[in-house]
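4 protein chains.
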Amino acid sequence: MKFHFFQDALNMIADAGREIIDKRRGHDALGVPYDMRHLCEDLLSQKGEALGVALAREVVTTYAGLNGEARRGFFLMLRDEFGPDQAALDGAIQAYQNGGGQNALMHLSQAVESRRRALIRRINMAPGGTAAILSMREDLLRYLKTDPLLKPVDSDFAYLLSAWFNRGFLSLECVDWQTPAHILEKLIEYEAVHEIDGWDDLRRRLAQDRRCYAFFHPALPDEPLIFVEVALVKGMAGSIQDLLSTTPSAESVRQADTAIFYSISNCQKGLTGISFGNFLIKQVVEELRSDLPQLKTFATLSPIPGFGNWLKKRREQEDYEDYGLDPEIGEKLAPLDNPGWLIDEEMSNALKAPLESLCATYFLKEKRKDLPADPVARFHLGNGAQLARINFRGDTSEKGLKQSAGLLVNYLYDLKKIEAHHEAYAADATIAATKAVKQLVG
Amino acid sequence: MKFHFFQDALNMIADAGREIIDKRRGHDALGVPYDMRHLCEDLLSQKGEALGVALAREVVTTYAGLNGEARRGFFLMLRDEFGPDQAALDGAIQAYQNGGGQNALMHLSQAVESRRRALIRRINMAPGGTAAILSMREDLLRYLKTDPLLKPVDSDFAYLLSAWFNRGFLSLECVDWQTPAHILEKLIEYEAVHEIDGWDDLRRRLAQDRRCYAFFHPALPDEPLIFVEVALVKGMAGSIQDLLSTTPSAESVRQADTAIFYSISNCQKGLTGISFGNFLIKQVVEELRSDLPQLKTFATLSPIPGFGNWLKKRREQEDYEDYGLDPEIGEKLAPLDNPGWLIDEEMSNALKAPLESLCATYFLKEKRKDLPADPVARFHLGNGAQLARINFRGDTSEKGLKQSAGLLVNYLYDLKKIEAHHEAYAADATIAATKAVKQLVG
Amino acid sequence: MKFHFFQDALNMIADAGREIIDKRRGHDALGVPYDMRHLCEDLLSQKGEALGVALAREVVTTYAGLNGEARRGFFLMLRDEFGPDQAALDGAIQAYQNGGGQNALMHLSQAVESRRRALIRRINMAPGGTAAILSMREDLLRYLKTDPLLKPVDSDFAYLLSAWFNRGFLSLECVDWQTPAHILEKLIEYEAVHEIDGWDDLRRRLAQDRRCYAFFHPALPDEPLIFVEVALVKGMAGSIQDLLSTTPSAESVRQADTAIFYSISNCQKGLTGISFGNFLIKQVVEELRSDLPQLKTFATLSPIPGFGNWLKKRREQEDYEDYGLDPEIGEKLAPLDNPGWLIDEEMSNALKAPLESLCATYFLKEKRKDLPADPVARFHLGNGAQLARINFRGDTSEKGLKQSAGLLVNYLYDLKKIEAHHEAYAADATIAATKAVKQLVG
Amino acid sequence: MKFHFFQDALNMIADAGREIIDKRRGHDALGVPYDMRHLCEDLLSQKGEALGVALAREVVTTYAGLNGEARRGFFLMLRDEFGPDQAALDGAIQAYQNGGGQNALMHLSQAVESRRRALIRRINMAPGGTAAILSMREDLLRYLKTDPLLKPVDSDFAYLLSAWFNRGFLSLECVDWQTPAHILEKLIEYEAVHEIDGWDDLRRRLAQDRRCYAFFHPALPDEPLIFVEVALVKGMAGSIQDLLSTTPSAESVRQADTAIFYSISNCQKGLTGISFGNFLIKQVVEELRSDLPQLKTFATLSPIPGFGNWLKKRREQEDYEDYGLDPEIGEKLAPLDNPGWLIDEEMSNALKAPLESLCATYFLKEKRKDLPADPVARFHLGNGAQLARINFRGDTSEKGLKQSAGLLVNYLYDLKKIEAHHEAYAADATIAATKAVKQLVG
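Residue numbers (our numbering), protein chains in the order written: chain X, 107 to 548; chain A, 107 to 548; chain B, 107 to 548; chain C, 107 to 548.
Misleading hints may appear alongside valid ones.
[Unchecked claim] Calculated cross-link-like contacts (lysine to aspartate or glutamate; reagent style DMTMM-like; alpha-carbon spacing at most 25 Å):
id, chain 1, residue 1, chain 2, residue 2
1, B, K292, A, D306
2, A, K541, A, D428
3, A, K292, B, D306
4, X, K522, A, D141
5, X, K292, C, D303
6, A, K292, B, E291
7, C, K522, B, D121
8, A, K292, B, D148
9, B, K522, C, D148
10, C, K375, C, E301
11, C, K522, B, D148
12, B, K402, C, D121
13, X, K340, X, E393
14, X, K292, C, E291
15, B, K522, C, D141
16, C, K523, B, D148
[Said to hold, decoys possible] Covered by chain X, according to a simulated footprint, are these stretches of chain A (three or more residues, beta-carbon under 8 Å):
id, stretch
17, 225–236
18, 253–267
In case anyone wonders, no lab produced these hints; they're calculated from the structure.
Note that CB positions come from ideal geometry on N, CA and C, so glycine has one too.
Pulled out of the complex, with its shape left as it was, chain X reads as follows:
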């Protein structure tokens, strides 16, 4: 059974109701325009839903026509006027506190439910409703940065999106050169780690020695939610520039024993905070194991977004000893200030040991609330991966040099150890790292 989301039929239903809505616009007894407030109230009140789809679409298109200030106003209205019924809530609290037991709890749970949630659920009935709601939340998250009072509104959006984008509803799709162009162009648009430089570059990333997988949700069939790019190689890859520049060949596919996850990109800002990455990696590992049994190793080639700034601070503060490092390491880093170090073999060689040592120290000793300071490290270690190798000159692009002095790192997903690593990390933030990495620490 293939699924068509009958947007046409939905639009026809909406059109059928439009006339009535249009008539109302002029007819408000108090001379009040038929605005978002009225639309939302009517959408909620339609018990019989005679006009549900029409009203939902009207909310969506009206919202789309609002300017920034008006959109913010819409969210403030949701906060102030579409919360729960206070009297009912107070009654439910009282009944609960009077020892009402499980039933009172249930009623309390129902009474505390804001009218916003019901409203968002009904907006989802509009043609393209889910995409519209994601877009609303994208705006909302922006306003939230300066206006924390909108937090309760976002809390309801996030609650429903989290229920709807339950991973049981996602489908994993293999994206390749046979994929429709309108989806492929989204990879170019959304790639967040190593920019895709046009269609030729994209094609190379979909060649026979590469794989790309994405999660999709049935209500957004043309929009990847998150995708991962994988390179099939022989042995652990340590250099992104080598990885991206090799020419694909049937030979290299035959010899591949390792899958390198070199880029993971989230696509939907409206889904911020609703995480799929962990699940994606594990499902892709299983897909690859089943398709290509010769693969023995599954690892990432990952950026170290926090290392560059941390390194800069160390060099400014010269507090190497606080990290157990030899204070003379500062001098050894001097060549870094010479932009030519990358092409000067001697300088480059001199930098390798101190940079690797500092990087291992950063991973294993620098903490935020007892956890590793690096956000990418927190993600993979939290998934049960192991910090496997630090790669000097792993990313010599301008971005890579700035972000992490050109270093990249491999996180190893060893299926047999994932749970043990995960549990140790969850219990007391133990960082799984190879001996090789540990020995680099100062």
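Mind docking chains A, B and C on chain X? Use the hints.
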């Protein structure tokens, strides 16, 4: 983009985790078996979700292996042990009562959320998780009949299912003779109004002068949620036996000006209380209008499930006058007791007027909480349809005679009047009925 | 890329031309009706093909409206008036005989081409043209039985159909319970060996321990050309009634080591003489080997259509000695005349040895033009299969008893020996048979 | 039913036979290598086809490994050794000449059939066989240019390809931005009229005010055979640079009343001489009429490939009077030699009248064998189109200036007049042209 729900990959992921789960079974320090309680607690606790899919599948398969008593025990456990954190809830109530405003409300809303909901969300990650949850709720609804204490548990199931089966996620599909057999056989299984008597009967109901539409949800691609059977005819149809026995012809399709919705069947008991019927009818009307512009009238041919019993009671109590009826109507009904009335033209003719009069009276005067007593009437009138015609001898099957003395009724969906009818009905339970029906009333 | 055969667009093109064709009907200067002769001549003459599709459809629909006699007349017309241009042909022969070499040969080959072939090619442009041509040939083959003069016409039909249905254009499809119903019902219709008794029987033949494969041609997407039914069993199956009556189970699938091809049915009478069976069996063997590596043996369970009559003749003529059989075998067959032998164990046991011996003799000694007399044997032995086992009481249905005294036979497809067997058979009609079968011979 | 051409299964079948083929390579009794000659003879001889697919694939891969000279040798071998059986042919001729009638004709037709045809038919059984045969013919056509003796071989290739690519087997597909990328890149590769400059240009040509349609054959699902690019515009378009540079808008789509076919490209060199263009245009016109009823005019914007050279010759020979032109026109053309005429308004204006006059003269007076000299004109006029308008500065690209002094022409497809035009053209080469064009003639 077509969607595969990668059950295979999910099962592989689950298999990868199984070994660890199996090991645990024997290893519980307290000698407690690794039972549903432990499984559910672990499934909830896996913050990093290292074993999420494996544990979710284990919950599903363990549940499937439980007997009735143990299943009931599982739901009681959900009630007693997977509610909200009481201390946190009490704290949140206090903060709210101390004037915490919107943020306190938000925290209260989060604190009151039962752990059951999170658990059900995680069970949905299992391969086939959505179907398993529907099946759990089907059991739960059965237990609920005798054990109302389970109501809070059902409330959480219903809450999540209602969010997941939001109509914005449903797709309308046309079911015909080109549809895969494993879906067609479900029509035979689920048809609830006029039984489908095998494949030949099914084929006739999918012939060129018929249409069948169903709602599907992407997570249950092989399971219709609800379906409606439509006959394309000339003029309003009043007899289901005539409708089902005519031979299809291209001629009759060309002449058709009316679509008769003669059967609507819900398929999933686990979705009881989550209604799609109203939306289905309206979407199908739009589909048909677009495909077949010659159709002018859209109406049902519906059973009157409450009329038979009501009639019996009237005849027992002889309280015709209370309904404004001539008390002599009782005698006129006497032929009903003669099983031969159906084939005796004279008796049959004599019954027509009194039965129609009583039926109209039943519809327009018999109420439950101010609404029409008949459940089918409440559904269609609530949708904005109009009671259009009462059909004597509309269903002369044994079931039809027993249920409603052989009468059927047409509800008319007049798109221009749906909202007005709906609003009048919602405001003060005004029943939209044609003059012809009103005149039949005693 | 999925393929739509845009019948709608073709019909629109045809409609656009129809007006012109209709006008012509009345306008023929000589008062001759615009009949098939004119239509065919015009269809051939349209060099620019301005009306090609319209004329082709007209030929198809006009043909469909003809009665039997007129259809026969159409084919006679094709024979007499749509051959090659005689003068051109005679000239080409002369040029060839004058030593024109390769070029003259080429021109001769072009000159001998009948105008019928070009006509059939153009008819194929009509919407549904391929199906119409198959249907024409089905008629033609019927007329051919009594009218051998139509042979040259059939020769051209067969030539083009053979080119179009080249096996490189066929696709093998797995037919199962997920297949659309309108295709499944064709299996019921076309099954030629062991009748399918309705949808329940069909469903059993598509259960988990069965497979069904069919060849399709892209121009006839709803019509199987030939299909084979396969049972997955443990050990060689010898009884069709056992095979069809067992209940499917996951267990039996797991234990299966043998694929039994128990029914092969051609579906299109219009493709008579264009053989796909050999290729189908081999492709299905490869599919099964790849899907289910545990399968070790691939064999048929086949009828022996010629044995019953042969046996009857032997019993009448009592010429057993001519076949090297003990003349007393005749008496041992006496219980055959007692209809109760099937349920009388003693009689049944007594018949086993003589029937098997006669059957082996029939296979190995009875010849038509040096080849085995049995047509099914000629097919499988010609494919390189081996006569593996004779099964007493293999088919105890009325048909089976009449056709072959209840015997069935297994032909073994041993991939390693297929070519050797085939070559030996092609060289000197050597029949590959197991020792067990050979030892049964009189 | 979707179609998979089970290349995998075919390859498995071929693999199964490979061992035997490999063995043969070494075993040839005479020490002759198992070369193309042997392979082809064996492929033809396999009556039972035990190794058909394996041998066919071997022929294909062996051919692919041959160098140019060896490939030519292969075709010469096909010419000399795979013709018809001469003795049988001579016998059949004699029987025919002896008055054998229809049956003798039929036998002659069979006897003249070269063994090449049977061979090509069998090669088509290989995985990817059809594509391989197209590729062989592409080579063959190249050799044919210098070696006309290969004509009889090509004649057989063309005969079979023409039967296989019968237009009844082609499907028309709409190509748009939802089309898989590996097909879209072929548009870039094959576009023959107005080069597509990368993916951004392609995307613009598939925008909402454009349409692109292609013919596909089921055996080559990833390869368009021919495609046409259409622009939806208001009024007849005269300038390709304007057409390609406008920005698409919903507004322009709404206002469009004209479909301009501005580029038609054949994609498969191996199908040279097997024409689809006429049929493609007509089917696309019907598709567009059905999808977009507001379209009233269907016309091309076409190059005039022969005009540039013809003009050059006129200017050299100054034979204007022979064409009925004023001899002074030569001087008026002088600005053409000034490369700046395009940007000098005065010069440009001065050239308009003489160029249009010469162009109309070229179309209407210059003939090859009584037909218009221009090949594109012959194609469209032969289809029944009308020469509608000559566009000065229609194509100011370097190519356009060289090919036709920057002129383009519109051919109008007026469905009501197509047949009349076609017939007049077929009868006596009457050129359908508008009054406006006729009046330009000298």
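Checked hints:
1. K292(B) / D306(A): Distance of about 14 Å is within 25 Å: holds.
2. K541(A) / D428(A): Holds - the C-alpha atoms of D428(A) and K541(A) are around 22 Å apart, at most 25 Å.
3. K292(A) / D306(B): Holds: K292(A) and D306(B) sit about 14 Å apart, inside 25 Å.
4. K522(X) / D141(A): holds (24 Å)
5. K292(X) / D303(C): holds (21 Å)
6. K292(A) / E291(B): Roughly 17 Å between the alpha carbons, so the hint for K292(A) and E291(B) holds.
7. K522(C) / D121(B): holds (12 Å)
8. K292(A) / D148(B): violated (52 Å)
9. K522(B) / D148(C): holds (19 Å)
10. K375(C) / E301(C): holds (18 Å)
11. K522(C) / D148(B): holds (19 Å)
12. K402(B) / D121(C): holds (18 Å)
13. K340(X) / E393(X): Given pair K340(X), E393(X) holds - Cα atoms ~19 Å apart, limit 25 Å.
14. K292(X) / E291(C): Holds: K292(X) and E291(C) sit about 17 Å apart, inside 25 Å.
15. K522(B) / D141(C): OK: K522(B) and D141(C) at ~24 Å, within 25 Å.
16. K523(C) / D148(B): Satisfied, since the Cα-Cα distance of roughly 18 Å is no more than 25 Å.
17. 225–236: The restraint on the stretch 225–236 of chain A holds, since 6 of its residues have a Cβ under 8 Å from chain X and three suffice.
18. 253–267: holds (count 5)
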